[in-house]
Amino acid sequence: MSIGGAKKFFINFYIITPFLLFLIIFFYLFFNSFDFLKEKNLLEILFSSNWKPLKGNFGFFPFWFSTFYVTMLSALIFIPLGLLISIYISEYANKKFKNLLKPFFDVLSAIPSVVFGLWGFTAIVPFVSNFGKIFGIQTSGFSILSASIVLSLMVLPFMISLCISLFEMVPFSLKETVLSLGTTKFEMIEKVLIPECKRGIIASIFLSFGRAIGETMAVMMVVGCTIKIPKTPFDPAYPIPALIANEFGEMMSISSYKGALLFSAFLLNLFVLIFHFLFRRVFLKE
Amino acid sequence: MNRYLKEKLFLILMKISLYLFLFMVASLFFSIFFKGISYLSFEMVFSKPKKGFYLGGGGGILPSIFGSLVLAFFSTLLAFLVSLPMTIFLNLYSKRKFSNFIRNFIDLLWGIPSIVYGIFGFFIMVYIGLKSSLLAGIITLSFVIFPLILRSLDELLQNIPFTLKEASLSLGLNKFQMGIKVFLKAIAPGVLSSILISFGRAIGDSASILFTAGFSDNFPTSLFSPVSSLPLVVFYLYSSPDKEVSGRAYAASIILIIISILISLISRRIGKRIYGK
Numbered sequence: 313m314s315i316g317g318a319k320k321f322f323i324n325f326y327i328i329t330p331f332l333l334f335l336i337i338f339f340y341l342f343f344n345s346f347d348f349l350k351e352k353n354l355l356e357i358l359f360s361s362n363w364k365p366l367k368g369n370f371g372f373f374p375f376w377f378s379t380f381y382v383t384m385l386s387a388l389i390f391i392p393l394g395l396l397i398s399i400y401i402s403e404y405a406n407k408k409f410k411n412l413l414k415p416f417f418d419v420l421s422a423i424p425s426v427v428f429g430l431w432g433f434t435a436i437v438p439f440v441s442n443f444g445k446i447f448g449i450q451t452s453g454f455s456i457l458s459a460s461i462v463l464s465l466m467v468l469p470f471m472i473s474l475c476i477s478l479f480e481m482v483p484f485s486l487k488e489t490v491l492s493l494g495t496t497k498f499e500m501i502e503k504v505l506i507p508e509c510k511r512g513i514i515a516s517i518f519l520s521f522g523r524a525i526g527e528t529m530a531v532m533m534v535v536g537c538t539i540k541i542p543k544t545p546f547d548p549a550y551p552i553p554a555l556i557a558n559e560f561g562e563m564m565s566i567s568s569y570k571g572a573l574l575f576s577a578f579l580l581n582l583f584v585l586i587f588h589f590l591f592r593r594v595f596l597k598e
Numbered sequence: 011m012n013r014y015l016k017e018k019l020f021l022i023l024m025k026i027s028l029y030l031f032l033f034m035v036a037s038l039f040f041s042i043f044f045k046g047i048s049y050l051s052f053e054m055v056f057s058k059p060k061k062g063f064y065l066g067g068g069g070g071i072l073p074s075i076f077g078s079l080v081l082a083f084f085s086t087l088l089a090f091l092v093s094l095p096m097t098i099f100l101n102l103y104s105k106r107k108f109s110n111f112i113r114n115f116i117d118l119l120w121g122i123p124s125i126v127y128g129i130f131g132f133f134i135m136v137y138i139g140l141k142s143s144l145l146a147g148i149i150t151l152s153f154v155i156f157p158l159i160l161r162s163l164d165e166l167l168q169n170i171p172f173t174l175k176e177a178s179l180s181l182g183l184n185k186f187q188m189g190i191k192v193f194l195k196a197i198a199p200g201v202l203s204s205i206l207i208s209f210g211r212a213i214g215d216s217a218s219i220l221f222t223a224g225f226s227d228n229f230p231t232s233l234f235s236p237v238s239s240l241p242l243v244v245f246y247l248y249s250s251p252d253k254e255v256s257g258r259a260y261a262a263s264i265i266l267i268i269i270s271i272l273i274s275l276i277s278r279r280i281g282k283r284i285y286g287k
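As they're listed, the protein sequences go chains F and G.
FYI, the numbering for the first sequence is 313 to 598, going by the working numbering.
FYI, the numbering for the second sequence is 11 to 287, going by the working numbering.
Source of the hints: derived by calculation from the structure; they are not laboratory data.
Only a predicted model underlies this, so the values are computations on that prediction, with no experimental measurement involved.
Do not take every clue at face value.
As the list claims (entries may be wrong) - Estimated spans, in silico, between C-beta atoms of each pair:
| # | chain 1 | residue 1 | chain 2 | residue 2 | range |
| --- | --- | --- | --- | --- | --- |
| 1 | F | 452 | G | 18 | 49 to 57 Å |
| 2 | G | 275 | F | 367 | 47 to 55 Å |
| 3 | G | 87 | F | 494 | 53 to 61 Å |
| 4 | G | 25 | F | 485 | 25 to 33 Å |
| 5 | G | 103 | F | 495 | 44 to 52 Å |
| 6 | F | 582 | G | 184 | 24 to 32 Å |
Unchecked claim - Here are the computed lysine to aspartate or glutamate pairs in the DMTMM-like style, where the Cα-Cα straight-line distance is at most 20 Å:
| # | chain 1 | residue 1 | chain 2 | residue 2 |
| --- | --- | --- | --- | --- |
| 7 | F | 319 | F | 351 |
| 8 | G | 141 | G | 227 |
| 9 | F | 543 | F | 559 |
| 10 | G | 16 | F | 502 |
| 11 | G | 107 | G | 164 |
| 12 | G | 107 | G | 117 |
| 13 | G | 105 | G | 176 |
| 14 | G | 141 | F | 559 |
| 15 | G | 282 | F | 418 |
| 16 | G | 282 | F | 347 |
| 17 | G | 282 | G | 165 |
| 18 | F | 487 | F | 403 |
| 19 | G | 18 | F | 403 |
| 20 | G | 25 | F | 403 |
| 21 | F | 410 | F | 480 |
| 22 | G | 16 | F | 403 |
| 23 | G | 18 | F | 347 |
| 24 | F | 407 | F | 488 |
| 25 | F | 510 | F | 403 |
| 26 | F | 503 | G | 17 |
| 27 | F | 570 | F | 347 |
| 28 | G | 25 | F | 502 |
| 29 | G | 107 | G | 165 |
| 30 | F | 364 | F | 351 |
| 31 | G | 25 | F | 347 |
| 32 | F | 503 | F | 480 |
| 33 | F | 540 | F | 559 |
| 34 | F | 367 | F | 559 |
| 35 | G | 16 | F | 499 |
| 36 | F | 497 | G | 17 |
| 37 | F | 487 | G | 17 |
| 38 | G | 18 | F | 499 |
| 39 | F | 407 | F | 418 |
Ideal Cβ placement from N, Cα and C applies to all residues, glycine included.
Hey, can you work out the whole structure from these sequences and the hints?
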């Protein structure tokens, strides 16, 4: 190989690093959990809730169910809140207020997740515990509801700033024309703004999902970490990231346990990928 | 329903959600601030933990602040050095189709949760025979930062007007000169601000270094010694039954909040220069 050829080879190799890195992570998780899956029945692992690692029973149902429960409940909070707030800021708020709020979202999204977790621990957990008492539910406060509230606040700044930039891309003349027809502002938003940005809104929701599902520390500090199938939002749960963070340091001695945890990481990665592909499908579909 | 009533209801709903959001944010700052401020002393910030620090003994968290800064600095540097040539290549040299193919994977890498990077970093650490140490932490964190910084640099370069490219080529510059002398200069403030944003992100990220950076009471003496970091201090201390100890978690998170807000404000300041007002 000539020098030029070697250089070219090296550059090409370097440039596909993102591609390679992704494949390596994906297949590392896949093959390590593959050994584990060979010994067990996939359906049984996914749908059993019998979790006794030392005896070799790995039922993943409580974990991935918790992950979905927390993410979906937080979506129920952050989707309407995010949409309402971003519509208000982009369409109703005056310019001064708008310019004041915009850097505020940047600053908020820079705050570390541990801090959000700590806030959940001091403020939200007691709040949820008292809130449960109103309905006559005994709860410690470490629950799915607390985790979803904390998660929503973490995701909201991100989603709001995405949505605001979407709404601002809608040409002003379009809004003006509709308003000049005698509609109220709400009708303009309902009939023009939202349909115009529909795809972008859905994409930003998927992107926020992807962020929420992998969040570890903040969720772990408020979710209770109890291996049980959660029923009501006031029950504690045990999402996959928390499982990995809690157990990963201790599992090296038992090989099937290691396989199980890597499998759970693989599942988590798969969920994130699915959301990401949905995002791309929606966003890039012409 | 009357359409004006509808409008009014909608407005009220929006205001309620905005105030709810602002209230939650205010509660975030105030609850942590009031719980932590009484524990935030000179000794807390500027001294090493003494014996029995985690049981209520004296001392401070300086090694963790230092550790966090070192971890974030070197991982951002590493990620930046890897991603800068890559973005220049993606935008100037390679074919559009190929660049977009690679960009897909940058986006996918960006989506991977940091705890998964933590596992992957742990795997690499074991593979090359390291113990949990500063070096392992830096490597793992740079994996987390790499897609972030690569993506923002790429976006900056993509937004460079075509006329600039045309003008510099018409002056007889080759691609390399154009990349270094024209493009990098044009996006320099943006580069700086994206580096700072990544730095802030690296300081706050805790899930990835949970298994790889270790924990220690001392300053790291070499690349191979374990290092403690601010988020992990918060994480290990917050649930302590001793009030004195758990108060330190709040004090540590006040420091963390101040650092990340400062970084984000500075990066905004710098970033403004390129984007205008």
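Each hint, compared with the structure:
1. A beta carbon spacing of about 41 Å between residue 452/F and residue 18/G contradicts the range 49 to 57 Å that was offered as a hint.
2. A C-beta distance of roughly 53 Å is found between residue 275/G and residue 367/F, which places it inside the suggested range of 47 to 55 Å.
3. Checked against the given bound of 53 to 61 Å, the beta carbons of residue 87/G and residue 494/F, roughly 59 Å apart, stay inside it.
4. At about 28 Å, the beta-carbon gap between residue 25/G and residue 485/F stays in the expected band of 25 to 33 Å.
5. The given range of 44 to 52 Å is respected by residue 103/G and residue 495/F, whose C-beta atoms sit roughly 51 Å from each other.
6. At roughly 45 Å, the beta carbons of residue 582/F and residue 184/G sit outside the given window of 24 to 32 Å.
7. The hinted pair formed by residue 319/F and residue 351/F fails the criterion: a straight-line CA distance of about 46 Å is larger than 20 Å.
8. This hinted pair checks out: residue 141/G and residue 227/G have alpha carbons roughly 17 Å apart, not beyond 20 Å.
9. Between the alpha carbons of residue 543/F and residue 559/F the distance comes to roughly 24 Å, so the proposed pair goes past 20 Å and is violated.
10. About 11 Å separates the Cα atoms of residue 16/G and residue 502/F, which keeps this hinted pair within 20 Å; it holds.
11. Our distance criterion of 20 Å between C-alpha atoms is met by residue 107/G and residue 164/G, whose separation comes to about 15 Å.
12. At roughly 16 Å between alpha-carbon atoms, residue 107/G and residue 117/G fall within 20 Å of each other, so this suggested pair holds.
13. Our distance criterion of 20 Å between C-alpha atoms is met by residue 105/G and residue 176/G, whose separation comes to about 17 Å.
14. For the hint linking residue 141/G to residue 559/F, the alpha-carbon distance of about 18 Å falls within 20 Å, and the restraint holds.
15. Among the hinted pairs, residue 282/G with residue 418/F is consistent with the structure: their alpha-carbon atoms are about 13 Å apart, no more than 20 Å.
16. About 52 Å separates the Cα atoms of residue 282/G and residue 347/F, which puts this hinted pair outside 20 Å; it is violated.
17. With a C-alpha separation of about 16 Å, the suggested pair residue 282/G and residue 165/G falls inside the 20 Å cut-off, and the hint holds.
18. With a CA separation close to 10 Å, the supplied pair residue 487/F and residue 403/F stays within the 20 Å bound.
19. Distance restraint check for residue 18/G and residue 403/F: the Cα-Cα separation of roughly 14 Å lies within the 20 Å cut-off, and the hinted pair is therefore satisfied.
20. Among the hinted pairs, residue 25/G with residue 403/F is consistent with the structure: their alpha-carbon atoms are about 12 Å apart, no more than 20 Å.
21. Restraint check for residue 410/F and residue 480/F: the C-alpha separation of about 12 Å stays at or below 20 Å, so the hint holds.
22. Between residue 16/G and residue 403/F, the direct Cα distance comes to roughly 16 Å. Compliance with the 20 Å bound is thereby established for this hinted pair.
23. This hinted pair does not check out: residue 18/G and residue 347/F have alpha carbons roughly 60 Å apart, beyond 20 Å.
24. For the given pair, residue 407/F sits about 18 Å from residue 488/F by alpha-carbon distance, which is consistent with the 20 Å threshold.
25. Of the supplied pair hints, the one linking residue 510/F and residue 403/F holds, its CA atoms being roughly 16 Å apart against a limit of 20 Å.
26. For the hint pairing residue 503/F with residue 17/G, the CA-to-CA distance comes to about 13 Å; that is within 20 Å, so the pair holds.
27. Restraint check for residue 570/F and residue 347/F: the C-alpha separation of about 10 Å stays at or below 20 Å, so the hint holds.
28. Of the supplied pair hints, the one linking residue 25/G and residue 502/F holds, its CA atoms being roughly 17 Å apart against a limit of 20 Å.
29. With a C-alpha separation of about 16 Å, the suggested pair residue 107/G and residue 165/G falls inside the 20 Å cut-off, and the hint holds.
30. Restraint check for residue 364/F and residue 351/F: satisfied, since their Cα atoms lie roughly 16 Å apart, inside the 20 Å limit.
31. Using a Cα cut-off of 20 Å, the hinted pair residue 25/G and residue 347/F is violated, with the two alpha carbons roughly 54 Å apart.
32. The suggested pairing of residue 503/F with residue 480/F holds, with an alpha-carbon distance near 16 Å, which does not exceed 20 Å.
33. Between residue 540/F and residue 559/F the CA atoms are separated by roughly 16 Å; this keeps the pair inside 20 Å, and the hint holds.
34. Between residue 367/F and residue 559/F the alpha-carbon distance is near 16 Å, which keeps this suggested pair within the 20 Å criterion.
35. Among the hinted pairs, residue 16/G with residue 499/F is consistent with the structure: their alpha-carbon atoms are about 9 Å apart, no more than 20 Å.
36. The hinted pair formed by residue 497/F and residue 17/G meets the criterion: a straight-line CA distance of about 7 Å does not exceed 20 Å.
37. Among the hinted pairs, residue 487/F with residue 17/G is consistent with the structure: their alpha-carbon atoms are about 16 Å apart, no more than 20 Å.
38. Distance hint between residue 18/G and residue 499/F is fulfilled; the C-alpha atoms sit about 12 Å from each other, no more than 20 Å.
39. Note on residue 407/F and residue 418/F: the hinted pairing holds, with a Cα-Cα distance of about 18 Å set against a maximum of 20 Å.
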